[in-house]
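*Asks:* Those protein sequences? They're chains X and C, same order as listed.
The working numbering puts the first residue of the first sequence at 1, with every later residue one more than the last.
The working numbering puts the first residue of the second sequence at 1001, with every later residue one more than the last.
It should be emphasised that the hints constitute simulated quantities derived from the structure, not laboratory data.
Among the hints, a few may not be true.
Pair ranges (Cβ atoms, derived) [as the list claims (entries may be wrong)]:
| # | chain 1 | residue 1 | chain 2 | residue 2 | range |
| --- | --- | --- | --- | --- | --- |
| 1 | X | P145 | C | R1069 | 19 to 29 Å |
| 2 | C | G1164 | X | K174 | 18 to 28 Å |
| 3 | X | D286 | C | W1151 | 40 to 50 Å |
| 4 | X | K174 | C | R1128 | 44 to 54 Å |
| 5 | X | R191 | C | D1138 | 48 to 58 Å |
| 6 | X | S24 | C | G1164 | 19 to 29 Å |
| 7 | C | I1093 | X | D286 | 50 to 60 Å |
| 8 | X | R191 | C | G1077 | 38 to 48 Å |
| 9 | X | K174 | C | A1253 | 16 to 26 Å |
| 10 | C | Y1072 | X | F28 | 40 to 50 Å |
Just so it is clear, CB atoms sit at the ideal spot from N, CA and C, and this is done for glycine as well.
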Amino acid sequence: MDRRDAAWYIDKVAQWVVFVGGISAIVFIVGIFVFITKEGLDFVLGPLNLGEFFTSIAWRPTSNNPTYGALALIVGTASVTGFAMLLSVPLSLGAALFIAEFATGKTREVLKVLVEMLAAIPSVVWGFVGMSIMHPLIMRIFDVPLGLGVLNAGLILGLMAAPIMTTIAEDALKAVPDTYREAAEALGATRWEVIFKVVIPASRNGLLAAVLLGVGRGFGETMAVLMASGHAINIPTSPFDSVRALTATIASELGDTVRGGDHWGSLFTLGILLFVVTFVINLTADIVVRGIRKK
Amino acid sequence: MADGESSVGYPSTGAFAIETRGLNLWYGDFQALFDVDLGVKKGIITSMIGPSGCGKTTVLRTCNRIIERLGYVRTTGSVYVLGHDIFGDDVEIVQVRKQVGMVFQRPNPLPISVRDNVLFGFRLHEARLRKVARAEEDEVLESALRQVLLWDAVKDRLDRPATGLSLEEQQKLCIARLLPVKPEVLLMDEPCSALDPAGTEAVEEMIWQLRGDYTILIVTHNMAQARRASDECVFMLLGRIVEHGRTEELFLAPEHTETADYIEGRYG
């Protein structure tokens, strides 16, 4: 007797839909990588001078005698991200500790929702905050001629990265079994001793993953950094100097290039660099998180 | 210590390690303990029996105030540990917990090495006062593990994670880590309920060895265990103490019919 009735077909179709949905993430990520690489490859294999790319600060793709030194862009991205992490790591770990270990009932629920809402603010809005609020504020407080630079972009980026770091760090802290806290408290540990000697060591991997994801977010952020960093090619020597980020360079220049030309290819090379760096950061975070689950 | 005493309502004397007077306790709106007067004598093993939900564990967890972790607990009455009112204003909770060690139902070693587990409380309390040399730590470690009959089994695994030990070993470890702090009272909440019969026997034997050096209050579901491994026995029902007396008397000639019914297995 053939049992291929309607239910059998629905089952088969559902199986395929779920399968396609499941592998689509892989298809997309591979697709993106292939596309970026394909566009950048001609440039990487042709005119690119790796030494110049990583050591020169002369990014002059539109000059008659173009040079493609990305050092200033790399340093720009790194300095802004580094500054952002200085702000957001303590801020978000502190927030996560408060939500997970101290806040109770309503406070906790409200805080969690607020933090998640913060994560949903579009980056152009953060950029706007950087330009219209932080910019004049920094000029006034520090008495400097320009408020767009490492400090401004770092602050904005730090605030942007904080919600996601807080959420992930809080999950990591919550994953520590309560029996650990109870055992330590029964041995006479104070609340802070429980946190520093038991909870944080036990959630170390999760907290590290949270920080790494924050770094990844900082590296990849474009619009807010473009708006708040001043967008000047420069190796910063003070927090008030303007810088230019890799992402912001791609965003601002790609529209003006000849498709398939050297400039176009050079921007995709920046894209490859960004992709590789964020991929490595995320992969590390993922491996670190897996580390916790195994234990 | 008078041997003939066999009922609740002890007078207040210094003979008790733990003494509760008129202890009432509420979880939110639910009253779990009613006027509990309990005197636990120094240096012996006192067991608490009774059906599930009768308040044994609640009494136990009140004695080191770990019950307050829940946040929605309210108490009236007083609890004296070694003569000090633990709800008093001048009492430091950390000192109470230093004097009153607790063993939980499920072994709960911390996710650190065997060594760090045993020394956790010791380092916590001693480090507040002074710098401790490694050699002294090693001595403390060995002595604690020897007292719980675990030294030979784990002496080659001191730096391995404690969570890798067997349940029986874990529970012994959880008792061992209390000892370096030099508590006077040990509270044990069904310490053998997660163990197999062999493990239960081994842990019971070990607890019996600690008798005399420590005052031990042990909650158990297992009447045979109460009978063979305690000097005095407390029977609780519905948040009240029904009977408290020498273990053999309580089991052979209980004064109350509820006690007799429970012992004979008519409920619980």
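*Asks:* Decide, hint by hint, whether the structure agrees.
*Replies:* Evaluation of the provided hints:
1. For the pair X:P145 and C:R1069, the supplied restraint of 19 to 29 Å is violated, since their beta-carbon distance comes to about 56 Å.
2. At roughly 24 Å, the beta carbons of C:G1164 and X:K174 sit within the given window of 18 to 28 Å.
3. The hinted range of 40 to 50 Å is satisfied by X:D286 and C:W1151, whose Cβ atoms lie roughly 41 Å apart.
4. In this structure the supplied range 44 to 54 Å is violated for X:K174 paired with C:R1128, their Cβ-Cβ distance being about 29 Å.
5. Checked against the hint of 48 to 58 Å, the pair X:R191 and C:D1138 fails, with Cβ atoms roughly 30 Å apart.
6. At about 41 Å, the CB distance of X:S24 to C:G1164 disagrees with the hint of 19 to 29 Å.
7. Distance hint check for C:I1093 and X:D286: the Cβ-Cβ separation is about 41 Å, which falls outside the suggested range of 50 to 60 Å.
8. For the pair X:R191 and C:G1077, the beta carbons lie near 26 Å from each other, so the given range of 38 to 48 Å is not met.
9. In this structure, X:K174 and C:A1253 break the distance hint of 16 to 26 Å, their C-beta atoms being roughly 52 Å apart.
10. Under the hint 40 to 50 Å, the C-beta atoms of C:Y1072 and X:F28, about 49 Å apart, fit the expected range.
Violated hints for the displayed structure, listed by number in ascending order: 1, 4, 5, 6, 7, 8, 9.
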